[in-house]
Amino acid sequence: MEPTETPELDGIERTGLDLEPPPISDQWSVRPAPVSERIVDPPQGRGPNPALFFLGVLVAGILGAVLTVAILATTGTFDDPTATATPTTTPPAAPIVQTIEVVPPQIINNLGAAVNPTAVAAKALDSIVTVIVSDTPADGESPPVGVGSGSGVVISADGFIVTNHHVIDGGDTFEIIFEDGRVYQATLVGSDELTDLAVLQIEASGLIPVEFGATDSLRIGDPAVAIGNPLGQEGGSSVTVGIISAFDRRVEFADDTFLHGMIQTDAAINSGSSGGALLDAEGKLIGITSAIGVSQAGPEGIGYAIPIELVDRITAEIIETGDVVHPFLGVSIATYSELSEDGAIAPAGALIDSIEGPDSAAGLAGLEPDDVITRIGGKEITSQTDLILAVRLYRVGDEVEFIAIRDGETMSFAVVMGQRPAKLGG
0 MEPTETPELD GIERTGLDLE PPPISDQWSV RPAPVSERIV DPPQGRGPNP ALFFLGVLVA
60 GILGAVLTVA ILATTGTFDD PTATATPTTT PPAAPIVQTI EVVPPQIINN LGAAVNPTAV
120 AAKALDSIVT VIVSDTPADG ESPPVGVGSG SGVVISADGF IVTNHHVIDG GDTFEIIFED
180 GRVYQATLVG SDELTDLAVL QIEASGLIPV EFGATDSLRI GDPAVAIGNP LGQEGGSSVT
240 VGIISAFDRR VEFADDTFLH GMIQTDAAIN SGSSGGALLD AEGKLIGITS AIGVSQAGPE
300 GIGYAIPIEL VDRITAEIIE TGDVVHPFLG VSIATYSELS EDGAIAPAGA LIDSIEGPDS
360 AAGLAGLEPD DVITRIGGKE ITSQTDLILA VRLYRVGDEV EFIAIRDGET MSFAVVMGQR
420 PAKLGG
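In terms of numbering that gives the first Met the number 0, the sequence shown has 418 at position 419, counting the first letter as 1, and numbering is strictly consecutive.
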C-alpha cells in the first residue's frame, strides 16, 4: 500500500471574524501587534514546531461499572437424641427467615460524565453573546466602520462580559447582541494582550452570568461543549460538542506571539468563535475559545481555549483596576529531567539557569542558579511550562511558598511576586 502524505499545519489562526476577510496572503491580519508571552526568560532550547498554531474547545465521556454481591442465610433445627420415655412429638422450631435485599447491578460513572448538549445549551445560551466591533474614523464625522465580530460570555450580573483581546483590538465602538436579539452598546473596561483577554460592560438588568467551573478535575477525553457565533451569523450562537483532547498546550502564532497552558478540543470552532465559551458536561465555563489549527487543507478540527483559572484571575483584575500587571520572578529557567531506574528520562522540575539580580523576586527570596523548583504553592512543578502557568495565576505582591532542591536538600522559600518589566510588554 502506498504511503499517504500527512498534511502539515500551516499555523494557528485567531478566530475573530473580519467583516472584510483579508486575502489569503494576509491570513494573520486579525492578530494584534506582537507581544512577548514570557513570564520568565527561558533559555534557548528546543521550542514548539514553528509550523503549529492553534485555538479551540473539547468534549468526551467515560463510564465505569460496579458489581453487587448477594448474601444468603441458612437456618437449622435441634432435637434431643437422649429422650427414651414415651416419646412426645415436639414440633420443630419455626425456621428463622432473614430477608436480604438484593441490589441490582448498576453503572456508576466515576471517570467522566455523559454530556447532554440540549441541557448545556439551555443553561448557557442566555450567557453567550455576539460582539460587533467598529472603529470611528479620525474625521469625527463619518459613521463608525465595522472592524469585525467575535463572541463573548456574561460573567457578572453587573454587565461584565469577557471576550478576547484580539476581538476588540482596533475598535472603539462595541455592540453586544444576545440570543433573543437584544442589542446593547458596551464600553471597554480593560484588555490584556499578553493573555488575549478583554472585559466589556453593558448597562442591563436581568442578566444571567455563566457558572464558572474548574479544570483541575477534568481529564483528557471528558466531554466539552463550545458555544459562540462563528462567522457572525444572524440568529445567535452555534453549539458544538466534542472532547477535551489535551491540556497545557503552548500555542504559537504566525506573528511570533504565543499563549501558554491552553486547553485543546475537537469541538468545532470557526472564525467568529473567539471569546466564546468552552463548557463542561454540567454547563460550567472551563475556558474561553481563542484559536484554531489550520493546514493547507483548511481547519483541522483542532481548537484551543484559555483555561478558566487564568480567565478568572485576569478578568477580576481588569474589573478591579481596569488593567493587568503580571508577576515576574526574574529568572531564566529550563525543564530539569532525571534518569529513572528503567533508563527513561523524565521531567522532574524547573531548573533555574540564571537570576537577573539580587533585587529580583527570586534573588530577594534567596533562590540561586541550579536550584530545581518542584512546587509552587499547592501545585507540583515538573517542567518549565508548569512554572510559567503556576506563576501566572498569582498577582504582583503575593507571597508564595516555593519548594526547591539544592545539592540534594529540599528547601522552602517565601517568594514575593515582582512585576513584569514594561520592556517585555504585556
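Worth flagging that the hints you see were computed from the coordinates, not collected in a lab. Glycine included, C-beta positions come from ideal geometry on N, C-alpha and C. Just to be clear, a hint being listed does not mean it is correct.
Below, in silico cross-link-like pairs of lysine-lysine (DSSO-like), each with a Cα-Cα straight-line distance of 30 Å or less [said to hold, decoys possible]: (1) K378 with K283; (2) K283 with K122; (3) K422 with K378.
Okay, the calculated beta carbon distance ranges per label pair [as the list claims (entries may be wrong)]: (4) T186 with E367: 56 to 62 Å; (5) D247 with D171: 33 to 39 Å; (6) A156 with L230: 28 to 34 Å; (7) F246 with Q418: 23 to 29 Å; (8) P143 with S353: 45 to 51 Å.
Going down the list of hints, with the structure as the test:
A hinted pair counts as satisfied when its Cα atoms are at most 30 Å apart, and K378 with K283 qualifies at roughly 23 Å. Using a Cα cut-off of 30 Å, the hinted pair K283 and K122 holds, with the two alpha carbons roughly 9 Å apart. Restraint check for K422 and K378: satisfied, since their Cα atoms lie roughly 29 Å apart, inside the 30 Å limit. Checking the proposed 56 to 62 Å range against T186 and E367 shows it is violated: the Cβ atoms sit about 47 Å from each other.
D247 and D171 have their C-beta atoms about 35 Å apart, which keeps the hinted 33 to 39 Å range intact. At roughly 29 Å, the beta-carbon separation of A156 and L230 lies within the given 28 to 34 Å, and the hint holds. Hint check: F246 to Q418, Cβ distance near 28 Å, so the stated range 23 to 29 Å holds. Separation of P143 from S353 is about 49 Å and conforms to the stated range, judged on CB atoms against 45 to 51 Å.
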